[in-house]
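Undergrad: Sequence:
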Amino acid sequence: MINNRRTGGKVKKIILFIIVFISTLHGNKVLAQEPFIITDFSVKVTVKENNTYDIYEKASVNFLQPSPRYKRVISLKTHKEKASLELFECLNTEFELKKNPDKVTAIFGENDILVAGERNYSYLYTLSMGADPYVDKDRFYLNLVPDESYGKVLNAKIQITLPKYFNSNYLSVNLGGQGDPVYIPALIEGNTITVEVTEEQLAGRELNILLDLPEGYFIQTKKNTNVFESLTIIANITVIILLLFSCLVCFIFDNNSIQQHREDPDALMSEPPCEAAYVLDGEVILQDVFANIIHWANKGKVEFHLLDRANKRESIRIVKKDEMDVDAKSYEKSLYNEIFSEKEYVSIGGLHRILKRKKSKIDEDIYQFYSQPRECMFPPKITLLREMIRFTASIPFIYITFKTFYVYTGQSGISLTLALFCSLFFFMLSQSINAIVRKIKSHRLKNLTSGHWLQMTLGVCMFVFFLLLVYNNDSLYMTEYFSMMLSGILITVFSSLMVRRTEKGKKAYEDIIAFKNYLLNVYDDNIQENSNIIKNFFEFLPYTVVTADMENLFKRLYGRKLNIPAWMNRQDQTVVDRQVHVDQVKEWMDTICNILNRD
Numbered sequence: 007m008i009n010n011r012r013t014g015g016k017v018k019k020i021i022l023f024i025i026v027f028i029s030t031l032h033g034n035k036v037l038a039q040e041p042f043i044i045t046d047f048s049v050k051v052t053v054k055e056n057n058t059y060d061i062y063e064k065a066s067v068n069f070l071q072p073s074p075r076y077k078r079v080i081s082l083k084t085h086k087e088k089a090s091l092e093l094f095e096c097l098n099t100e101f102e103l104k105k106n107p108d109k110v111t112a113i114f115g116e117n118d119i120l121v122a123g124e125r126n127y128s129y130l131y132t133l134s135m136g137a138d139p140y141v142d143k144d145r146f147y148l149n150l151v152p153d154e155s156y157g158k159v160l161n162a163k164i165q166i167t168l169p170k171y172f173n174s175n176y177l178s179v180n181l182g183g184q185g186d187p188v189y190i191p192a193l194i195e196g197n198t199i200t201v202e203v204t205e206e207q208l209a210g211r212e213l214n215i216l217l218d219l220p221e222g223y224f225i226q227t228k229k230n231t232n233v234f235e236s237l238t239i240i241a242n243i244t245v246i247i248l249l250l251f252s253c254l255v256c257f258i259f260d261n262n263s264i265q266q267h268r269e270d271p272d273a274l275m276s277e278p279p280c281e282a283a284y285v286l287d288g289e290v291i292l293q294d295v296f297a298n299i300i301h302w303a304n305k306g307k308v309e310f311h312l313l314d315r316a317n318k319r320e321s322i323r324i325v326k327k328d329e330m331d332v333d334a335k336s337y338e339k340s341l342y343n344e345i346f347s348e349k350e351y352v353s354i355g356g357l358h359r360i361l362k363r364k365k366s367k368i369d370e371d372i373y374q375f376y377s378q379p380r381e382c383m384f385p386p387k388i389t390l391l392r393e394m395i396r397f398t399a400s401i402p403f404i405y406i407t408f409k410t411f412y413v414y415t416g417q418s419g420i421s422l423t424l425a426l427f428c429s430l431f432f433f434m435l436s437q438s439i440n441a442i443v444r445k446i447k448s449h450r451l452k453n454l455t456s457g458h459w460l461q462m463t464l465g466v467c468m469f470v471f472f473l474l475l476v477y478n479n480d481s482l483y484m485t486e487y488f489s490m491m492l493s494g495i496l497i498t499v500f501s502s503l504m505v506r507r508t509e510k511g512k513k514a515y516e517d518i519i520a521f522k523n524y525l526l527n528v529y530d531d532n533i534q535e536n537s538n539i540i541k542n543f544f545e546f547l548p549y550t551v552v553t554a555d556m557e558n559l560f561k562r563l564y565g566r567k568l569n570i571p572a573w574m575n576r577q578d579q580t581v582v583d584r585q586v587h588v589d590q591v592k593e594w595m596d597t598i599c600n601i602l603n604r605d
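Sequential numbering of the sequence shown, starting at 7, is according to our numbering.
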């Protein structure tokens with residue numbers, strides 16, 4: 007019972023605190039109005055035939071207490087389109103402009119000086135209404151009375167002079183907008199409209215002046231198009247064309263390469279497997295490096311010796327036969343020297359240990375090699391095109407960030423600098439993702455440097471910043487959102503093209519190595535050290551490793567599709583009883599011998 011009373015008391019205190027807190031907030035909100043009154047507000051508007059308005063305003067402001075500077079908020083919203091501010095001048099004091107998507111705020115006076123008493127402000131500006139959105143008519147629309155939240159207006163007088171005659175029957179002057187408008191009279195003298203309102207009439211509502219005019223009233227030789235809209239159209243067209251073209255180039259180039267290699271493996275054998283692997287799947291892993299050793303054997307740089315050893319990894323020895331060619335690839339020279347730095351020979355097991363121990367340096371050498379387009383297998387035009395398309399993915403981001411910074415700063419130089427700086431990290435995002443994914447898929451995540459993580463973090467931060475800009479910026483149109491979507495698609499396409507090797511490829515490589523070991527063990531009495539079977543078998547092994555597709559190799563060798571033996575699908579190849587499958591292995595070996603020994 008006592009506990010219930012205590013609990014009830016706590017609940018009452020919490021409720022009381024919430025009520026007091028909400029009341030305080032409400033009170034603060036009521037008091038948070040501007041500490042001045044606009045005693046007299048007069049506007050003279052001269053409308054030109056090109057649908058631009060020259061506006062002269064004079065405001066008499068009474069500051070009730072020492073206050074910061076006077077703010078005049080000019081709305082850029084019209085009845086259907088947005089206007090643009092082309093000119094602003096203050097005639098009797100200093101001023102500062104702050105631009106937003108839907109409004110411009112003019113702040114008068116010096117920054118650190120408080121003002122009090124009666125002050126007069128005179129200023130003029132020009133609004134351009136832009137293109138005519140109506141097909142069968144022209145329209146004049148104006149809403150110039152300041153919002154009550156920026157100061158209460160006691161008296162306002164607006165005088166509008168149009169360039170030529172108009173029908174006053176189509177004039178509407180109202181308070182309150184579309185919800186529940188209150189219409190007030192206007193004085194018309196010739197082409198001039200005069201409207202006067204008081205505090206009681208305004209009552210915190212908007213004053214809207216709308217006049218429908220006959221089509222062609224405003225003369226425009228050419229519809230005005232916002233420069234950002236033109237840039238948006240150009241950016242959209244550029245991204246769409248390059249997106250389709252890049253996919254087409256990647257598809258044709260990739261598939262033609264694979265098709266050529268499948269029909270004629272000599273084309274693939276003419277280049278190092280590491281480079282061929284990069285062409286086919288955009289990635290180089292340690293298995294490809296091992297295939298490169300076999301490639302050297304085909305060129306006569308190394309040779310394989312078969313030894314009578316129980317350990318399969320130690321039963322094949324790679325012996326250095328000749329020095330690497332002077333014109334060999336830079337990463338090949340480095341790799342060759344690393345392998346034979348201690349001895350003139352190395353076993354398969356020793357090779358794997360070297361690759362494990364020095365994989366970081368090998369990875370770096372290969373990465374440096376592929377970062378230099380001059381040495382790549384790709385033709386220069388393809389390399390240039392690929393880099394150009396990847397950079398183009400950042401064009402919409404540069405444009406949007408530039409526009410956003412320009413809207414808020416009004417400085418084109420600063421905006422462009424900030425946009426280029428931000429887009430740099432955005433451009434690096436896809437590259438850092440590729441690097442991290444490659445490390446994860448090859449189980450080498452620990453080898454990632456702090457530079458990779460820093461690059462990834464900065465890229466993600468810029469990407470989130472980019473999304474926030476798009477979400478919070480009302481000045482972006484649907485076409486600009488479309489540009490952003492295409493930009494993301496383009497980055498995604500290239501990221502997926504650069505990271506395509508799967509676990510299935512690794513399994514296929516393990517299967518072919520296991521099959522080689524079974525082949526050597528079963529026919530250890532028939533295979534000689536200098537046998538052409540061994541030589542030819544190793545010639546085709548890089549093709550299998552690179553394509554990571556064993557069935558395609560067998561299909562090309564046999565001319566028909568064959569099922570892989572059941573024992574090749576086992577995870578642990580060492581526990582398979584070789585004698586149980588000896589007949590099946592011999593059958594496979596006979597077929598391979600017949601195919602590989604053909605001249």
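Everything labelled a hint here was simulated from the structure, so no lab data went into it.
Please note that a few of the clues may not be correct.
As the list claims (entries may be wrong) - Taking CB as the label site, the calculated pair distances span:
| hint | residue 1 | residue 2 | range |
| --- | --- | --- | --- |
| 1 | 92 | 202 | 41 to 47 Å |
| 2 | 88 | 142 | 17 to 23 Å |
| 3 | 349 | 463 | 40 to 46 Å |
| 4 | 467 | 336 | 55 to 61 Å |
| 5 | 467 | 142 | 47 to 53 Å |
Glycine included, every Cβ here is placed at the ideal spot set by N, Cα and C.
Undergrad: Now, for every hint given, state plainly whether the structure supports it.
TA: Verification of the hints:
1. 92 / 202: 41 to 47 Å: violated, 28 Å
2. 88 / 142: 17 to 23 Å: Given about 22 Å between the Cβ atoms, the range holds.
3. 349 / 463: 40 to 46 Å: holds, 43 Å
4. 467 / 336: 55 to 61 Å: With Cβ atoms ~35 Å apart, the hint is violated.
5. 467 / 142: 47 to 53 Å: About 50 Å separates the Cβ atoms of residue 467 and residue 142, which means 47 to 53 Å holds.
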